[in-house]
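For the sequence shown, the residue numbers in our numbering are 29 to 140.
No lab work stands behind these hints, which were simulated from the structure alone.
On a predicted model such as this, the values are computed, not experimentally measured, just so you know.
Yeah, the Cβ is synthetic: ideal placement off N, Cα and C, and Gly gets one too.
Be a bit skeptical, because a hint or two may be false.
Listed next, with one range per pair, are the computed distances between beta-carbon atoms [as the list claims (entries may be wrong)]: (1) P65 x L96: 43 to 53 Å; (2) V102 x W53: 39 to 49 Å; (3) P69 x D114: 22 to 32 Å; (4) A90 x P37: 38 to 48 Å; (5) A84 x K43: 39 to 49 Å; (6) A83 x P62: 42 to 52 Å; (7) D114 x L41: 21 to 31 Å; (8) I122 x N93: 33 to 43 Å; (9) W47 x V97: 26 to 36 Å; (10) P62 x Y86: 46 to 56 Å; (11) D81 x D114: 18 to 28 Å; (12) F39 x K85: 42 to 52 Å; (13) G31 x D81: 46 to 56 Å; (14) K43 x P65: 34 to 44 Å.
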Amino acid sequence: TVGSAEIFPVFALFKWRWWRRYSEWPGLPLATFPFLPLPLPSKWHIRFLPAIDLAAKYGPEAADNPALVKQISVQVRRQMQQAIDDILRRRPSIFWGSVFERGKTKTAAKTT
Numbered sequence: 029t030v031g032s033a034e035i036f037p038v039f040a041l042f043k044w045r046w047w048r049r050y051s052e053w054p055g056l057p058l059a060t061f062p063f064l065p066l067p068l069p070s071k072w073h074i075r076f077l078p079a080i081d082l083a084a085k086y087g088p089e090a091a092d093n094p095a096l097v098k099q100i101s102v103q104v105r106r107q108m109q110q111a112i113d114d115i116l117r118r119r120p121s122i123f124w125g126s127v128f129e130r131g132k133t134k135t136a137a138k139t140t
């Protein structure tokens with residue numbers, strides 16, 4: 029999902045020790061909320077990636093292999109990051125436009 033983080037943009041992040049100790053948060057964000065209690069209108073793009081059939085490739089005993097689990101998780105994160113980077117590269121704006129091509133039709137080449 030790309031676009032959901034832009035509804036309340038963070039302008040600053042205050043990292044106070046006492047705040048972390050009592051709240052267990054890494055910092056206190058200064059965002060548009062509560063100054064502007066309505067979210068900004070942003071364009072969201074959601075892309076569903078193909079399922080990964082791990083059972084067919086590795087089998088159930090692979091779940092006990094920490095190195096293999098880490099390798100698979102790195103692969104999955106890499107695929108997800110590539111999909112996000114692709115959407116970010118193609119989107120024209122945070123607030124409008126689409127990453128999908130519209131109005132372009134493929135015309136067949138005419139032969140005479």
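Hint check for P65 and K43 - Cβ pair distance inside 34 to 44 Å: For K43 and P65 the Cβ distance comes to about 25 Å; the hint is violated.
Could you say whether the range 39 to 49 Å given as a hint is met by the Cβ separation of V102 and W53? violated (27 Å)
Using the beta carbons of P65 and L96, state whether their distance is inside 43 to 53 Å or not. holds (47 Å)
Tell me if the beta carbons of G31 and D81 are separated by a distance inside 46 to 56 Å. violated (29 Å)
Kindly confirm whether 46 to 56 Å is satisfied by the beta carbon distance between P62 and Y86. holds (48 Å)
Could you see if the CB distance from F39 to K85 stays within 42 to 52 Å? Given a distance of about 45 Å, which is inside 42 to 52 Å, the answer is holds.
Check the following: the C-beta atoms of D114 and L41 are separated by a distance inside 21 to 31 Å. holds (28 Å)
Holds or violated: the 42 to 52 Å window for the beta-carbon distance between A83 and P62? Because 47 Å falls inside the window, the suggested range holds.
For the hint 39 to 49 Å, verify it against the beta carbon of A84 and that of K43. holds (45 Å)
Quick check on a hinted range of 38 to 48 Å for A90 and P37, using CB atoms only. Since A90 and P37 have Cβ atoms about 41 Å apart, the given range 38 to 48 Å holds.
Holds or violated: the 33 to 43 Å window for the beta-carbon distance between I122 and N93? Holds - the Cβ-Cβ distance for I122 and N93, about 42 Å, lies within 33 to 43 Å.
Range hint compliance [Cβ, D81 to D114, 18 to 28 Å]: For D81 and D114 the Cβ distance comes to about 23 Å; the hint holds.
In terms of the numbered hints stated before, the structure departs from hints 2, 13 and 14, listed from lowest to highest.
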